[in-house]
Amino acid sequence: MRVGPVGFRIGSDWHAPIAALDALYRDYPRPEFADYSFRLEAVSPWRRRVRPSVRVAGDYWLPDASPLPLAQGLLAAEMGMNLQVALGHRRHLLLHAAVVARGDRAILMSGVSGAGKSTLALMLSHRGWRFLGDEFAMIDPDTGLAHPFPRPVSLKNESLSLIPEGCRTGPLLTGTPKGDVRHVAPPAAAIAAMDEPARPALVIFPRFGFPSALSGLAPTETFMRLTQASTNYVAMGEAGFQALTRLRAQVPAVALDYPDGEAGVAAVEALWEAL
Amino acid sequence: MAGPRYRAAAAALLIVEPLDMFTAVFHRPSGVTHLLNEPAPQILEALADEPLDRDALLARLAQNFDLGEADGTAVLQARLTELETAGLVDRV
Chain A
14 MRVGPVGFRI GSDWHAPIAA LDALYRDYPR PEFADYSFRL EAVSPWRRRV
64 RPSVRVAGDY WLPDASPLPL AQGLLAAEMG MNLQVALGHR RHLLLHAAVV
114 ARGDRAILMS GVSGAGKSTL ALMLSHRGWR FLGDEFAMID PDTGLAHPFP
164 RPVSLKNESL SLIPEGCRTG PLLTGTPKGD VRHVAPPAAA IAAMDEPARP
214 ALVIFPRFGF PSALSGLAPT ETFMRLTQAS TNYVAMGEAG FQALTRLRAQ
264 VPAVALDYPD GEAGVAAVEA LWEAL
Chain B
104 MAGPRYRAAA AALLIVEPLD MFTAVFHRPS GVTHLLNEPA PQILEALADE
154 PLDRDALLAR LAQNFDLGEA DGTAVLQARL TELETAGLVD RV
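Residue numbers (the numbering used here), protein chains in the order written: chain A, 14 to 288; chain B, 104 to 195.
There may be inaccurate statements among the hints.
Computed list of chain B residues with no C-beta within reach of chain A, every gap over 12 Å [to be verified]:
| no. | residue |
| --- | --- |
| 1 | Ala-112 |
| 2 | Asp-123 |
| 3 | Arg-131 |
| 4 | Gly-134 |
| 5 | Leu-161 |
| 6 | Asn-167 |
| 7 | Asp-174 |
| 8 | Val-178 |
| 9 | Arg-182 |
| 10 | Glu-187 |
| 11 | Thr-188 |
| 12 | Gly-190 |
| 13 | Arg-194 |
Chain B side only, calculated, beta carbon under 10 Å to chain A, not exhaustive [to be verified]:
| no. | residue |
| --- | --- |
| 14 | Glu-120 |
| 15 | Pro-121 |
| 16 | Leu-122 |
| 17 | Met-124 |
| 18 | Phe-125 |
| 19 | Ala-127 |
| 20 | Phe-129 |
| 21 | Val-135 |
| 22 | Leu-138 |
| 23 | Asn-140 |
| 24 | Leu-179 |
| 25 | Gln-180 |
These aren't lab readings, by the way, just hints derived from the structure by calculation. Note that the structure is a prediction, hence the values are computed from the model and not measured. Beta carbons: idealized from backbone N, C-alpha and C, even for Gly.
Just chain A, same shape as in the assembly (with noise of 0.2 Å):
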């Protein structure tokens, strides 16, 4: 399957993985070219069947990875789409962050897992914002740009009962490392824009639970946070200071703590008015 920029190849030692990835990515266009393979293998001969256990094997992995249990299959193919990409992708700046845009211009929300850019992003998406994804915002080094890679919501615990109506989803995956999770497909506009990039415009860094509250940035708080949250900002070298600095100089940030999803929302809003 083909996520914006990026090709997968993805096999498995069983059908379901790949059905719940057929059933989830529907809407993604198969790719011509494959940047990464990677396998769902059983971590032994036997445990394909007794107790079927899934690792990830291909072109990156980690060999101190637990393996899941075959129910949540599904968790490891992202697992391993994550992998590849966060671990071998050279060709953008990579930021853990969500994006959303309007027209062509774009909010980064960055922040470690449990900040909540995930349900952010999804209760944008449903609200006239163009859904670029919830776990890597791509900065091509060139232009500056943000380019789409949008894959499915991976929502966990809470976060559960703010799934949309209508939406697509996977199965409910249970007991997983990160607690109970489903995946969650964007909305089919997303998809089908997902060769636009756009502009970034605004970066916040959002952290959820916490009573509301905005506050600027020093230049040097943005970029260290920026240099933490890029998983590959030391392997891009210059091209990545570069990219980095001028997305530091050209884009203002914020830090956003917000109590709840719909006070969140309506911040990221005000914040993109007063642009």
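Starting from the structure of chain A, add chain B where the hints point.
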């Protein structure tokens, strides 16, 4: 005696991005990003034009910069050692 003369890495080897009280410096040969605060960026600037020994460098910096302590020599030597370790300064 002021000891050896120091010079900054060639300008072509560095990309300098002033931020606020910090300056980000990308060192092309190593691919490492350094985040410098005063007086390190000023030292690099002073040593960019010509090699200077420590006392000459101290005198140059004192013209438009307060090292903040009576013994500026010790502060300056510590910063020079750090910059040399980072590859941003070397000895002639």
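Cross-check of the supplied hints:
1. Ala-112: Ala-112(B) clear of chain A: closest Cβ-Cβ about 15 Å, beyond 12 Å.
2. Asp-123: violated, 5 Å
3. Arg-131: The assertion about Arg-131(B) is violated, with a minimum of 6 Å to chain A.
4. Gly-134: For Gly-134(B), whose nearest Cβ neighbour in chain A is about 5 Å away, the distance does not exceed 12 Å, so it is violated.
5. Leu-161: holds, 27 Å
6. Asn-167: Non-interface label on Asn-167(B) holds, nearest chain A Cβ at 22 Å vs cutoff 12 Å.
7. Asp-174: Given that every Cβ of chain A is farther than 12 Å from that of Asp-174(B), nearest at about 28 Å, it holds.
8. Val-178: The claim stands: Val-178(B) keeps its Cβ more than 12 Å from every Cβ of chain A (closest is about 21 Å).
9. Arg-182: Fine: 18 Å to the nearest Cβ keeps Arg-182(B) off the interface.
10. Glu-187: holds, 22 Å
11. Thr-188: holds, 19 Å
12. Gly-190: Since the minimum Cβ distance to chain A is about 15 Å, Gly-190(B) lies beyond 12 Å and the statement holds.
13. Arg-194: holds, 26 Å
14. Glu-120: Hint on Glu-120(B): holds, closest Cβ of chain A at ~5 Å, below 10 Å.
15. Pro-121: Result: holds, 9 Å to nearest chain A Cβ.
16. Leu-122: holds, 4 Å
17. Met-124: holds, 7 Å
18. Phe-125: holds, 4 Å
19. Ala-127: holds, 6 Å
20. Phe-129: holds, 4 Å
21. Val-135: holds, 8 Å
22. Leu-138: At 7 Å from the nearest chain A Cβ, Leu-138(B) passes the 10 Å test, so the hint holds.
23. Asn-140: At 9 Å from the nearest chain A Cβ, Asn-140(B) passes the 10 Å test, so the hint holds.
24. Leu-179: violated, 23 Å
25. Gln-180: With a minimum Cβ separation of about 26 Å from chain A (threshold 10 Å), the hint on Gln-180(B) is violated.
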